[in-house]
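Model the full assembly from the supplied sequences, consistent with the hints where possible.
There are 4 protein chains.
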Amino acid sequence: MTTAALQDISALADFGIEVPSWAYGNSGTRFKVFSTPGVPRTPFEKVADAAEVNRVTGAAPRVSLHIPWDYVDDFGKLAAFAADSGVALGAVNSNVFQDDDYKLGSLTNSDPRIRAKAVAHHLECIDVMRATGSKVLKLWLPDGTNYAGQDSIRARQDRLAESLQEIYAGLDDDHRLLIEYKFFEPYFYTTDIPDWGTSLLHCLALGDKAQVVLDTGHHAPGTNIEFIVTQLIRQNKLGAFDFNSRNYADDDLIVGAADPFQLFRIMHEIVSAGAHLPESGINFMLDQCHNIEPKIPGQIRSIMNVQEATAKALLVDAVALDEAQLGGDVLGAHAVLMDAYNTDVRGLLGDLRESKGIDRDPVAAYARSGYAERIESERIGGNQASWGA
Amino acid sequence: MTTAALQDISALADFGIEVPSWAYGNSGTRFKVFSTPGVPRTPFEKVADAAEVNRVTGAAPRVSLHIPWDYVDDFGKLAAFAADSGVALGAVNSNVFQDDDYKLGSLTNSDPRIRAKAVAHHLECIDVMRATGSKVLKLWLPDGTNYAGQDSIRARQDRLAESLQEIYAGLDDDHRLLIEYKFFEPYFYTTDIPDWGTSLLHCLALGDKAQVVLDTGHHAPGTNIEFIVTQLIRQNKLGAFDFNSRNYADDDLIVGAADPFQLFRIMHEIVSAGAHLPESGINFMLDQCHNIEPKIPGQIRSIMNVQEATAKALLVDAVALDEAQLGGDVLGAHAVLMDAYNTDVRGLLGDLRESKGIDRDPVAAYARSGYAERIESERIGGNQASWGA
Amino acid sequence: MTTAALQDISALADFGIEVPSWAYGNSGTRFKVFSTPGVPRTPFEKVADAAEVNRVTGAAPRVSLHIPWDYVDDFGKLAAFAADSGVALGAVNSNVFQDDDYKLGSLTNSDPRIRAKAVAHHLECIDVMRATGSKVLKLWLPDGTNYAGQDSIRARQDRLAESLQEIYAGLDDDHRLLIEYKFFEPYFYTTDIPDWGTSLLHCLALGDKAQVVLDTGHHAPGTNIEFIVTQLIRQNKLGAFDFNSRNYADDDLIVGAADPFQLFRIMHEIVSAGAHLPESGINFMLDQCHNIEPKIPGQIRSIMNVQEATAKALLVDAVALDEAQLGGDVLGAHAVLMDAYNTDVRGLLGDLRESKGIDRDPVAAYARSGYAERIESERIGGNQASWGA
Amino acid sequence: MTTAALQDISALADFGIEVPSWAYGNSGTRFKVFSTPGVPRTPFEKVADAAEVNRVTGAAPRVSLHIPWDYVDDFGKLAAFAADSGVALGAVNSNVFQDDDYKLGSLTNSDPRIRAKAVAHHLECIDVMRATGSKVLKLWLPDGTNYAGQDSIRARQDRLAESLQEIYAGLDDDHRLLIEYKFFEPYFYTTDIPDWGTSLLHCLALGDKAQVVLDTGHHAPGTNIEFIVTQLIRQNKLGAFDFNSRNYADDDLIVGAADPFQLFRIMHEIVSAGAHLPESGINFMLDQCHNIEPKIPGQIRSIMNVQEATAKALLVDAVALDEAQLGGDVLGAHAVLMDAYNTDVRGLLGDLRESKGIDRDPVAAYARSGYAERIESERIGGNQASWGA
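Residue numbers (the working numbering), protein chains in the order written: chain A, 1144 to 1532; chain B, 1144 to 1532; chain C, 1144 to 1532; chain D, 1144 to 1532.
Possibly wrong hints are sitting among the right ones.
If several chains are the same, the list does not tell them apart, and a pair holds so long as it fits within one copy or across any two.
Each computed EDC-like pair below joins lysine to aspartate or glutamate, with the alpha-carbon atoms no more than 20 Å apart [unchecked claim]:
id	residue 1	residue 2
1	1380	1316
2	1220	1242
3	1175	1328
4	1246	1466
5	1352	1305
6	1175	1244
7	1220	1460
8	1499	1243
9	1246	1521
10	1246	1487
11	1246	1519
12	1246	1472
13	1260	1305
14	1499	1305
15	1175	1351
16	1380	1521
17	1175	1309
18	1246	1465
The set of hints was computed from the structure by calculation and includes no laboratory data.
Below, the structure written as structure tokens:
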């Protein structure tokens, strides 16, 4: 039980997690979106909140944008504001699910006019990338159907392939296109990119600049996610994570809240492959909805959960594990992994934060900061940001 | 293959399916609610649409209300309008999921003030029942939690039991309280009434006027729903169905669209127990969301799907089935059931409609009626009904 | 409702379904394998039973072998016996799950000696192919792990890729290697080929002679199988089906018994792509366990279920469907599909059988034939075939 | 993070976990049962192995029997041997799944002779209880069907109720009948006791001596098990646990191996209700299959996993949790729970063992003991115990 403690978690010092601008706005279910005092009204206020998360955790250096939710007249100004606040603007996320035209599909729609519109939206997102300096275009395709026969599964794949080619052609040399898959929702019979296999096939057809995004909440019940992580790394096609957690569907809960052991197993695969190091180019991002809990503390907790899982993964005794695995020692190998998982790493992480000049306890630091009270009193009037705007 | 055809489906002549007022309004997912031309702006317009469904199907004699969505100043006037349109007002559905007070629960909330408010809402619904002549109060409890530890599972059950007692005490002698269960959503860790067992326990504690509502979309993956139907009938506690269909979660698709064989198996259990007859008191209702398809045709198709499944169930050769079952003839018994399922009953249903003076084909009759064009041109301006209002 | 009947199902006349030799032996669960009178003791008796299924259905022209279960000294003699009985020997299935050496894996085992043994078994299977004239080697890899950390997910993929290369190198020019995937079982944490994506990646790495086998019971709950069918056809990588049905896990029930509508949707994708025609090269096979029902009637029913689903798929009005789909008519397009599904095709299939000189009703023909009574009385003594031998 | 450590885990000193005799025999899947050197040949050898687990853990005071697998001529002698070895004989488990008569059901069979036989078997088990001093009869009913229509769901419930009455009537005053439920397997369409609701209804009909057994692997995907635990405790009907873990179906892996956080949440509900105390009468048992790992170490690890989860549950700061819950502090309440979960309790448990005169590390103690080597060399010849005998 002591081997683990001898190792170190210093690799975590450079491990940053990108946060989504939309996590600071209101979110909810189809039944109700509850509002919260202090929620941002503008992209600038979202960036400010993200910067506060980075200030107390020291581990959230970038904030993803969502277009058109985060559309501003001058993206250079937004980027400068972010830099002044200590963070950078990250991936640009497109949105093809909120226009009436997209009722029956966007990049897969049988109507060429609508497909062209959806492609144009992505080219506009690439312009935003040029304005913000972002190198990553992230595409979650909501398209799907609700009824058997509603549309041709095959024709939709062909249209999708064509639309993606047009988007890909618009990328700069140093851009990447990250394609996300999702089991279901917002459609309930077919989804046009429902699994990693489909996402990967489209990426392979496009070229090296296209990679897969793995959202931890987007799988069928029982799916072994760490297996997929390993498979995508093996193909050099894991571009990014969207972290969150789920018990049922795409619940978008705080990562690590529903199944912390799963998060650890995922990070173990990442660490085993050296994919936690900056040179891997994998973008580790949160994608969550804080429907009922306060948003900034929800993000802080999420960052800490990823850090704890990663720290435990770093403590795995790789030599002992390898030896037990090669020796066919089923329980011994399992025990090496569990030894790291069962270690309480919170003290080690406190030390690490202290070494970076940050409070050992980000939750307490935020509570003490007065930030929550300040935004609640200052952000009066206007329209709170939410998925609708 | 011919035994089935010798039997008759005349029991269907009296088999009515209640339709929900909210199916005629807009609905959607957390990502988008698409709007549709011609959607009702008022409860009166919803009732008018429901009456149109009844006119062409001859099988939708009642319309359920949802309070406060269907709140009107004068319910007597709404009831009279319904009667004039050929339908009656049916079950009254309460709503404890759209008030900010209910963020952490309604009947289970740790705050006694909020519990009292939620109870009072149900007593108000009972007043609506008195005004409309409805005998059924339907309660779907959205309450739940998102995070382990967020609240005490046990305390919430105790508070729920107490709240239900207060509501039950407000019922008239000829009222029924129907309690629905749901696997998950809008909360994602615990649901306070997640399964038929929990719903039944609360009903047993309350008394004879309390019964269970089975929504076909509210179960864990793989759950055998016809088994639950049988078990509840055996306890005399099946109060109502909320029909719809699903592939993944609570998809709320057209009943019979995702798995028509499942619908048939359910109706086979119903027919085998004689529970399709009016004296059973079971309320057969639709509860669906027509997110992308036109709403009135969606309802018509749903009614027809239930009729087709029920017709097939009526064609099962009960004597041959019983004989094969008692004889341990696995494939033979299965074949008796499948013989009925594989029969094309659309002609028989056409005959039945004709005998009632209705068009053989409700879909075509509606298309020819000009109703769709009329409401699209007349219902201009105002706010289209949706879950939000 | 009448368009469908105008079309014809004559393509079914040449549509053959391969049956598995092991379906005629005893099978069961980990709890019990029930025995049945008349079960074959030898591969010759299995082939005889398969030939009887072909005799009454006219649609089961080949029988798959499983090595070593069907090992005989002289495969030429077995092939001749099959030919005399009116059937051919089909795919050769390897077995790497019943040797103590494979406890921790076969083609993925960390021990090179065990990997070499597993590869050698496949080369031996290729020799059987040469002796029987079979062109198809089917590989279901049972390998997996039960505990997190037990073995390296990545290393197992690398070993698997290497082992597959060695097997592939042993194929003749006109051979195909079909690689099956399975969600879980007999291992319960990782499976080394758990999904179509993994199977496809290995096939792509191997070359044109490698294709994917889709077993309808090998998916996560809720998986849309027809989507995968379409995707694999689009890649020209669908090599074969293993048909069966399931409600829960890999239940191996009679195909079409659990969800006949799903089978229809799958066959609709097949027919839409012309993949039901012999030139597609797709091998349509059964893979089922008749644990409690008599085996030969179970196979006959399965053949009929696939025929009925395919007949319905052939009746889909492709022109009307295309028009409704391109027009965005959600309910209209769905209705075109359902019109075909709701048609009773049993009469048409009876006609087709009659035109081939076969009894209209294979179940009745088998019951009348006296075959069951004959094998029950003749097959006394010896060891009944089962998975164990 | 320090509150937890101030509390104590001394309640664990009296917390015993019953082990199943069959865990020491061979087990497997329908594909293969791998054998292991040293596996017991007789019930006496199984008891010896169980006693060894108790010796090194100090927490496995009883061993469950399975009839007929553990049938001996003189149960008094077996009980005496157990006592001499430091353990007691525990629950008696019936077996109605391995006789050819039970192919289509046992207590639910349509044949009265077979039902009577199955009832008689349970009365024989009660005789074994009288001979061994056991007070608990545990009934897992395997009965179910594979095909829709195969048998009447309703009739089977009625027959089951009648059969259970006959068994219940045979109990002594101080006996308990524990009725287990299971989602599916060994049948794949209906299961006659598929869920806690069905088990509870039968228990309520029988009387106070009947209670429910919750096997942690017997639920639909996504089921919230701690909710059921709480609900059954609330009804005073939780009789026993069968602990194990699963990723997919009834995998029967080591408890806590697949989802240690779930095990902690379950034990949190147990501890919150005081149900971990001996006076609760709840029987905490293992029910697992060590298919590929050595059996005795597998049992030791399982005991330790339950202890660790329980220790963490005992460390939950109940006052802080209650305060946060009543205050509606979603993240604060969650954090109180996670604080305990994230604590490394292995040192505390080492201390506890030491205080009882046991080695701090049961795994190491067993490895050093030479027991494994001894049974491997001594248990040569004979038939290794497995599910088949």
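Task: Hint numbers not upheld by this structure, sorted from lowest to highest - done: Going through the list in order, the structure violates hints 2, 7, 8, 9, 10, 14, 15, 16 and 17 and respects the others.
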